[in-house]
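Just need the whole structure built from these sequences, with the hints factored in.
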Amino acid sequence: MAKMTLEQLRKLREEKKRDIERRETEGKEIRIIVGMGTCGIAAGARVAFDAILAAVERHGIGADVVIAQTGCMGLCHVEPTVEVIVPGMPDTIYGRVDAATATKIVDRHVVARALVNEHIYDRPAADIIRN
Amino acid sequence: MAYRQYMLVCGGTGCESGKSDEIYRNLLKEAEAQGVKDAVQIVKTGCFGFCEKGPIVKVLPEESFYVEVKPDDAKEIIAEQAVKGREVKRLLYDKSTRKSNNKIEDIEFYQKQFRIVLRNCGVINPENIEEYIARDGYAGLEKVLFQMKGEDVIAELKTAGLRGRGGAGFPTWLKWDLTRKAPGDVKYIICNADEGDPGAYMDRSTIEGDPHSVLEAMAIAGFAIGSNKGYVYIRAEYPLAIDRLKIAIAQAKEYGLLGDDILGSGFSFDVEIRLGAGAFVCGEETALMRSLEGNRGMPVPKPPFPAISGLWKKPTVINNVETLANIPVIITKGGEWFAKIGTEKSTGTKVFALTGKVNNSGLVEVPMGTTLREIIFDIGGGIKGGKKFKGVQTGGPSGGIIVEKDLDAPISYESLQALGSMMGSGGMIVMDEDDCVVDVSKFYMEFCVDESCGKCAPCRIGTNQMYDILDRITKGKGEEADLARLERIGKAMTKASLCMLGGSAANPTLSTIRHFRDEYLAHIRDHKCLTGKCKDLVTYSIDPSKCIGCTLCAKKCPVPCISGERKQPHVIDASRCVKCGECYAVCKFGAVVKN
Numbered sequence: 020m021a022k023m024t025l026e027q028l029r030k031l032r033e034e035k036k037r038d039i040e041r042r043e044t045e046g047k048e049i050r051i052i053v054g055m056g057t058c059g060i061a062a063g064a065r066v067a068f069d070a071i072l073a074a075v076e077r078h079g080i081g082a083d084v085v086i087a088q089t090g091c092m093g094l095c096h097v098e099p100t101v102e103v104i105v106p107g108m109p110d111t112i113y114g115r116v117d118a119a120t121a122t123k124i125v126d127r128h129v130v131a132r133a134l135v136n137e138h139i140y141d142r143p144a145a146d147i148i149r150n
Numbered sequence: 358m359a360y361r362q363y364m365l366v367c368g369g370t371g372c373e374s375g376k377s378d379e380i381y382r383n384l385l386k387e388a389e390a391q392g393v394k395d396a397v398q399i400v401k402t403g404c405f406g407f408c409e410k411g412p413i414v415k416v417l418p419e420e421s422f423y424v425e426v427k428p429d430d431a432k433e434i435i436a437e438q439a440v441k442g443r444e445v446k447r448l449l450y451d452k453s454t455r456k457s458n459n460k461i462e463d464i465e466f467y468q469k470q471f472r473i474v475l476r477n478c479g480v481i482n483p484e485n486i487e488e489y490i491a492r493d494g495y496a497g498l499e500k501v502l503f504q505m506k507g508e509d510v511i512a513e514l515k516t517a518g519l520r521g522r523g524g525a526g527f528p529t530w531l532k533w534d535l536t537r538k539a540p541g542d543v544k545y546i547i548c549n550a551d552e553g554d555p556g557a558y559m560d561r562s563t564i565e566g567d568p569h570s571v572l573e574a575m576a577i578a579g580f581a582i583g584s585n586k587g588y589v590y591i592r593a594e595y596p597l598a599i600d601r602l603k604i605a606i607a608q609a610k611e612y613g614l615l616g617d618d619i620l621g622s623g624f625s626f627d628v629e630i631r632l633g634a635g636a637f638v639c640g641e642e643t644a645l646m647r648s649l650e651g652n653r654g655m656p657v658p659k660p661p662f663p664a665i666s667g668l669w670k671k672p673t674v675i676n677n678v679e680t681l682a683n684i685p686v687i688i689t690k691g692g693e694w695f696a697k698i699g700t701e702k703s704t705g706t707k708v709f710a711l712t713g714k715v716n717n718s719g720l721v722e723v724p725m726g727t728t729l730r731e732i733i734f735d736i737g738g739g740i741k742g743g744k745k746f747k748g749v750q751t752g753g754p755s756g757g758i759i760v761e762k763d764l765d766a767p768i769s770y771e772s773l774q775a776l777g778s779m780m781g782s783g784g785m786i787v788m789d790e791d792d793c794v795v796d797v798s799k800f801y802m803e804f805c806v807d808e809s810c811g812k813c814a815p816c817r818i819g820t821n822q823m824y825d826i827l828d829r830i831t832k833g834k835g836e837e838a839d840l841a842r843l844e845r846i847g848k849a850m851t852k853a854s855l856c857m858l859g860g861s862a863a864n865p866t867l868s869t870i871r872h873f874r875d876e877y878l879a880h881i882r883d884h885k886c887l888t889g890k891c892k893d894l895v896t897y898s899i900d901p902s903k904c905i906g907c908t909l910c911a912k913k914c915p916v917p918c919i920s921g922e923r924k925q926p927h928v929i930d931a932s933r934c935v936k937c938g939e940c941y942a943v944c945k946f947g948a949v950v951k952n
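From first to last, the protein sequence lines stand for chains D and X. Positions in the first sequence are counted from 1; adding 19 to them yields our numbering. Positions in the second sequence are counted from 1; adding 357 to them yields our numbering.
Heads up, a few of these hints could be off.
As the list claims (entries may be wrong) - Reference excerpt, derived from the structure (chain X facing chain D, CB under 10 Å, subset only):
id: 1; residue: R361
id: 2; residue: E437
id: 3; residue: G494
id: 4; residue: D617
id: 5; residue: C937
As the list claims (entries may be wrong) - According to the in silico footprint, chain X covers these stretches of chain D (three or more CB under 8 Å from chain X):
id: 6; region: 50-60
id: 7; region: 85-93
id: 8; region: 114-123
Unchecked claim - Derived DSS-like pairs: lysine-lysine, alpha-carbon spacing no greater than 30 Å straight-line:
id: 9; chain 1: D; residue 1: K30; chain 2: X; residue 2: K610
id: 10; chain 1: X; residue 1: K500; chain 2: D; residue 2: K22
id: 11; chain 1: D; residue 1: K30; chain 2: X; residue 2: K506
id: 12; chain 1: X; residue 1: K670; chain 2: X; residue 2: K659
id: 13; chain 1: D; residue 1: K22; chain 2: X; residue 2: K603
id: 14; chain 1: X; residue 1: K586; chain 2: D; residue 2: K22
id: 15; chain 1: D; residue 1: K35; chain 2: X; residue 2: K500
id: 16; chain 1: X; residue 1: K659; chain 2: X; residue 2: K762
id: 17; chain 1: D; residue 1: K123; chain 2: D; residue 2: K36
id: 18; chain 1: X; residue 1: K690; chain 2: D; residue 2: K36
id: 19; chain 1: D; residue 1: K36; chain 2: X; residue 2: K500
id: 20; chain 1: X; residue 1: K659; chain 2: X; residue 2: K690
id: 21; chain 1: X; residue 1: K745; chain 2: D; residue 2: K36
id: 22; chain 1: D; residue 1: K47; chain 2: X; residue 2: K848
id: 23; chain 1: X; residue 1: K441; chain 2: D; residue 2: K30
id: 24; chain 1: D; residue 1: K123; chain 2: X; residue 2: K394
id: 25; chain 1: X; residue 1: K670; chain 2: X; residue 2: K515
id: 26; chain 1: D; residue 1: K35; chain 2: X; residue 2: K386
id: 27; chain 1: X; residue 1: K427; chain 2: X; residue 2: K446
id: 28; chain 1: D; residue 1: K30; chain 2: X; residue 2: K586
id: 29; chain 1: X; residue 1: K659; chain 2: X; residue 2: K610
id: 30; chain 1: X; residue 1: K912; chain 2: X; residue 2: K848
id: 31; chain 1: D; residue 1: K47; chain 2: X; residue 2: K469
id: 32; chain 1: X; residue 1: K903; chain 2: X; residue 2: K936
id: 33; chain 1: D; residue 1: K47; chain 2: X; residue 2: K441
id: 34; chain 1: X; residue 1: K690; chain 2: D; residue 2: K35
Calculated directly from the structure, the hints in this document are not laboratory data. Just so we're clear, the structure is a prediction, and the values are computed from it rather than from any experiment. We put the beta carbon where it would ideally sit given N, CA and C, even for glycine.
Below, the structure is given as structure tokens:
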């Protein structure tokens, strides 16, 4: 790296800010959680995860969204699964999420605030899960 | 492709000694072996502050907070969390709660904290300037260079109300303003990183975790007062901090954020490191400057103040690490923002190194005005082993003891002084019922005897005299008039010493006499030390009617000087006993008697 000018410093800061924003969770109210259990990964959860990451990046909403991974959500028959939590909307679990669906979830659910109907699979009812 | 996950490994000195470097290397190795090295970024950061439970590994964005991690755990962390997205439950800080309840903010240790100085510690990799830049690093320098004049910078600090964090609380803006207005072309900026209080490590952790914040502040100071040269005076026994500072300076120069014509502004500023040999007196600003010049570190009378005649007799600003680390944030967020934090006269936050008999020892940053009770009992989690709180020493060997009844005082420079202690640099040592105040006072006085530079008589002779008196009280050879003697010598030292080392050396003794006179008198009149810490005043014996002959004490005795047959009462040979108290602690039947 050669000595920077003011413009270069500002550009570098903007670039790196997006990287480091991904690490932060404070003040972010939207959470997208990808099920990355063995079943999820086998069914293509990694591809879905990367597609979500790319879509969030494309919309420039990285500062508001946490993209986390979790273990198996128990919906192994419709893996890969993605849970989306947006304030003011019902917490939703999507199943059979491929790259295209993942992109649609970000475009429609997170940005346009509309559910992606054909992929909603809810978690088992609370009363049958043992604490 | 962006990373999916981030693992932050604490690289502070505390966690490094717990093998965090090995954990870091194992994580890298495992990530490679298990094929996720492009998905998870593993970063070594500065101190998280929660040293009690180190080494710490934090996984983001999941916010899994792992404590007491061992190098061998790396394989499981990668296999479970990076590959399968599951937390390693056994390593979580609070294993009893579900993940969703286990956010960092929910750990009581972090709840009352507010981080300005430590904003980047445990967040960024201190050896990577780009991560600092990403967190608004060098934005303050950019702002002053292109949008402000020197006097604007000083006005902003005045609005902020920032005061020196090294101890005395002198307004920073005034220091800068006096230096700016002092005649002369050559002026210097010094960062005082000669942190010497026993138990204090705030400044070390700040440099280890976020060295660029100090460098940026020094450049801002240089611009404000018209100086092109800064020195960081840091003690040689902080090798990790020195290494990170060297890397930071080299990177800042490479990126053109230090050196000639910074960002094309025409302003040039350079920083050099000077190592101190670790003398406590060199934390005193005039002694520090003599040492930096290559002379023996001894204080000189003030005035003239460093602002007029400092390093090599040139006008000099000398600020401590924590003070400087606040400055980039004040510039970017504004003095008014800063002034809203804390109390009216003591604005902002203060970092404390919380140590001693407290459950969560560690590095704590709280807004001024927080009470000591909140720090010790909420953040610190109370006293170890459920023992009774006795007092807390703030300000190290220059401060005093603060007792239970004063714990609800909001912390500020003024309130601590009113309680007979001082803010000091931020060491906070908690004592419980097992600590003897006479013994503690003797310890601090011994420290001052060792560290007195010997230049002025009140300090050189006074510390020795006070030590001798304290020593004989702990041996049961004191007399009641000794208390008045201690007070008289202490007051003379306070008034007549050349610098604050001698001027404050009597504080621990004077404040303990004030609060625990009875305890001193018990040593003097009854030759008793109720805590058993003063070994000359305590004897251990075994009550034959209670002893069942379990032999546990005899097994634990390191001498050994306890004898007896199984199932028969045991006997301690008092002539050989070293009074370690092991037998007393280990006996389940209350048969060992201390008196």
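Distance restraint between K912 of chain X and K848 of chain X, which requires alpha-carbon spacing of 30 Å or less: violated, 49 Å
Restraint status (C-alpha distance of K659 of chain X to K762 of chain X at most 30 Å): Violated: K659 of chain X and K762 of chain X sit about 37 Å apart, past 30 Å.
30 Å limit on alpha-carbon distance, applied to hinted pair K670 of chain X and K515 of chain X: Distance of about 26 Å is within 30 Å: holds.
Given hint K500 of chain X paired with K35 of chain D - CA-CA distance at most 30 Å: Given pair K35 of chain D, K500 of chain X holds - Cα atoms ~19 Å apart, limit 30 Å.
Hint check, G494 of chain X versus chain D [nearest Cβ-Cβ separation less than 10 Å]: holds, 8 Å
Proposed proximity, K848 of chain X with K47 of chain D (alpha carbon, max 30 Å): violated, 56 Å
Hinted contact E437 of chain X with chain D - closest CB pair below 10 Å: holds, 8 Å
Pairwise hint evaluation, K506 of chain X against K30 of chain D, where the allowed Cα distance is 30 Å at most: holds, 24 Å
Straight-line alpha-carbon gap K586 of chain X to K22 of chain D, limit 30 Å: Within the cut-off at roughly 19 Å; holds.
Given hint K500 of chain X paired with K36 of chain D - CA-CA distance at most 30 Å: Given that 30 Å is the threshold and the Cα spacing comes to 18 Å, the pair holds.
Agreement of K745 of chain X and K36 of chain D with the hint, judged by alpha carbon distance not exceeding 30 Å: violated, 48 Å
Hint consistency between K500 of chain X and K22 of chain D [alpha-carbon to alpha-carbon, up to 30 Å]: holds, 18 Å
Checked against the numbered hints above, the structure violates hints 5, 8, 16, 20, 21, 22, 23, 29, 30; every other hint is satisfied.
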